[in-house]
Amino acid sequence: MELNRWRQDFPQLKDNDLIYLDSAASALKPQTVIDTTMNYYRDLSVNIHRGIYDEAYEATRLFEATREAVASFIHAEVDEIIFTRGATAAMNLVALSFGMTNIQKDDEIIVSELEHHSSVLPWQKVATLKQAKLVYIPLDENGRITVENFKKVLTNRTKIVALTYISNVMGYVTPIEAIIQLAHEKKACVIVDAAQAAPHLKIDVKRLDVDFLAIAGHKMLGPTGVGVLYGKKALLDAMEPLELGGEMNEEVNLYHAIWKDAPYKFESGTMPIASVIGLKAAIEYLEKADLVSVENHVKKLRNYAFQQMKKIEGIKIYNPDADSSIIAFNITGVHPHDAASFFAEHRVALRAGHHCAQLIIKWLGIEACLRASFYLYNTYADCDQLVQTTKAAVKFFRSVGFEG
Amino acid sequence: MEKLDNLYREIIMEHYKNPRNKGLVDDPAYVTVHIKNPSCGDDITIQSHFINGKVIDCRHDGHGCSICCSSASVLTETVIDKTVTEAEKLADNYLKMVSNKPFDAFLDLEEASVYSGVRQFPARIKCASIAWQAFLETLKKGA
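Order-wise, the sequence lines are chains V and F. The numbering of the first sequence is my numbering, which starts it at 35 and goes up by one. The numbering of the second sequence is my numbering, which starts it at 83 and goes up by one.
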């Protein structure tokens with residue numbers, strides 16, 4: 035039995051035959067995250083920033099401690115961390131507030147076909163409403179974003195660059211550091227979708243000099259319902275909140291009100307307190323595990339699986355040179371939903387579909403695909419199971435009449 | 083693997099590979115309904131032609147998984163030449179069967195009864211349903 039020092043911390047994987055290869059959609063949760071989240075409900079369960087009794091004070095302290103943990107995790111300042119419903123809400127907030135205020139007619143917004151829908155649709159809307167131009171970086175022949183191709187679309191009219199850090203279908207890492215530098219030379223503002231990157235790469239917002247960055251809690255071992263928007267303080271100060279209501283204001287009068295300072299003006303109403311508190315345990319877990327070790331492990335697994343998968347006749351792999359933990363593939367002649375039922379029957383959890391990234395699926399010229407993604411709790415045995423199940427699937431579908 | 087063998091039955095594969103009544107017609111006498119399942123990309127259009135309370139013709143087109151595409155083909159063969167009342171009853175019964183709800187086992191669903199295997203795959207109920215749902219919509223719109 036191979037040793038995986040992390041696996042035992044994930045209760046779902048104990049005494050369970052589940053081969054979980056869908057971490058790019060959502061990661062499983064370690065016991066510490068489950069306990070921390072539950073403890074809030076069991077011991078506190080009260081609102082934050084309001085009551086003056088002990089429980090309220092303690093809940094507020096724990097909530098704000100996560101803000102500090104996130105800030106330190108990505109090397110930001112504490113007041114640059116906004117909690118949101120998820121990465122989607124974070125990117126919508128930037129587009130619909132910052133974008134709608136700062137984009138004028140004929141301005142250019144650069145995106146790519148590798149984007150998750152949440153990174154491109156808000157900007158599509160802003161471009162339409164403001165009569166601005168949505169510009170796509172031409173991807174290279176493998177579907178990658180390159181600095182060279184970015185230069186081709188960067189102009190003096192570029193105001194926004196919204197790109198993914200790691201593609202959730204192809205597993206490519208975008209060279210965002212160079213892109214951010216070039217964009218800033220044109221005074222354009224850069225928004226990075228780090229939903230896939232945060233669980234895998236050490237992010238340093240100061241070194242990157244990124245303007246906005248979005249993170250999803252549930253993809254990095256944390257609870258669902260919480261994400262993070264990082265924004266440079268000066269940008270956040272100048273930005274209007276989208277949701278108005280309780281807690282985000284300092285003073286309310288009959289015909290005008292005064293907002294709190296960032297980040298609080300963006301956190302209206304009762305926040306997902308338990309999830310935010312649980313997110314701190316996830317960050318602590320990842321810091322202890324060390325992202326470099328995690329990524330080494332995940333890359334070894336991915337490569338081990340890929341070396342065997344590429345030898346299987348009757349499958350097509352779309353991202354042979356991925357940088358990160360993903361294998362995107364199809365059994366030729368078999369719709370991924372047919373294939374996914376076979377994997378599900380063998381307790382191999384894969385994602386089938388367009389992965390909320392229809393643009394890259396169209397770019398690949400396919401209807402949908404299967405995606406296996408690995409994370410720290412996965413083992414070589416999981417990879418073997420993937421390979422064996424894929425071979426068995428090819429055999430089964432050919433036997434019932436699917437032609438390759 | 084009995085469950086999977088039960089799903090990918092010969093009749094289903096036969097209709098998947100050789101779909102009947104496939105291809106749409108450009109005829110205003112037909113009622114057209116298009117249904118898409120955005121989560122998986124299944125995309126089916128059904129066209130029905132009703133005369134005097136009878137389904138004279140039914141056609142389909144689109145793309146998706148084998149269950150989705152074959153069920154559209156089986157649907158057309160099942161409902162053509164049925165009265166509208168019969169066809170509606172069959173469609174209703176079929177949709178109950180695939181979604182594991184109580185259904186009338188004595189009502190003859192003909193070849194469509196092979197889709198009973200879908201019940202064991204809750205994630206695939208939608209695949210087996212959308213063509214028949216689209217057909218019911220054509221009934222509502224035009225029968």
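Hints in this document: simulated from the structure, not taken from any laboratory. Among the clues, some could well be false.
Said to hold, decoys possible - Dumping the calculated SDA-like pairs for lysine to any residue here, alpha-carbon to alpha-carbon at most 20 Å:
id: 1; chain 1: V; residue 1: K396; chain 2: F; residue 2: D109
id: 2; chain 1: V; residue 1: K429; chain 2: F; residue 2: K104
id: 3; chain 1: F; residue 1: K99; chain 2: V; residue 2: L276
id: 4; chain 1: V; residue 1: K266; chain 2: V; residue 2: G279
id: 5; chain 1: F; residue 1: K104; chain 2: F; residue 2: D186
Unchecked claim - Derived coverage of chain F by chain V (criterion: at least 3 residues anywhere in the stretch with Cβ under 8 Å from a Cβ of chain V; other residues may be distant):
id: 6; segment: 117-124
id: 7; segment: 182-188
To be verified - Far from chain F by the CB rule (all over 10 Å, computed), these chain V residues:
id: 8; residue: K294
id: 9; residue: Q422
id: 10; residue: E437
We put the CB at the ideal spot given by N, CA and C, even for glycine.
Going down the list of hints, with the structure as the test:
no.	hint	in the structure
1	K396(V) with D109(F)	violated, 31 Å
2	K429(V) with K104(F)	violated, 29 Å
3	K99(F) with L276(V)	violated, 52 Å
4	K266(V) with G279(V)	violated, 24 Å
5	K104(F) with D186(F)	violated, 29 Å
6	117-124	holds (count 4)
7	182-188	violated (count 0)
8	K294	holds, 38 Å
9	Q422	holds, 14 Å
10	E437	violated, 8 Å
Of the numbered hints stated above, those contradicted by the structure are hints 1, 2, 3, 4, 5, 7, 10, listed in ascending order.
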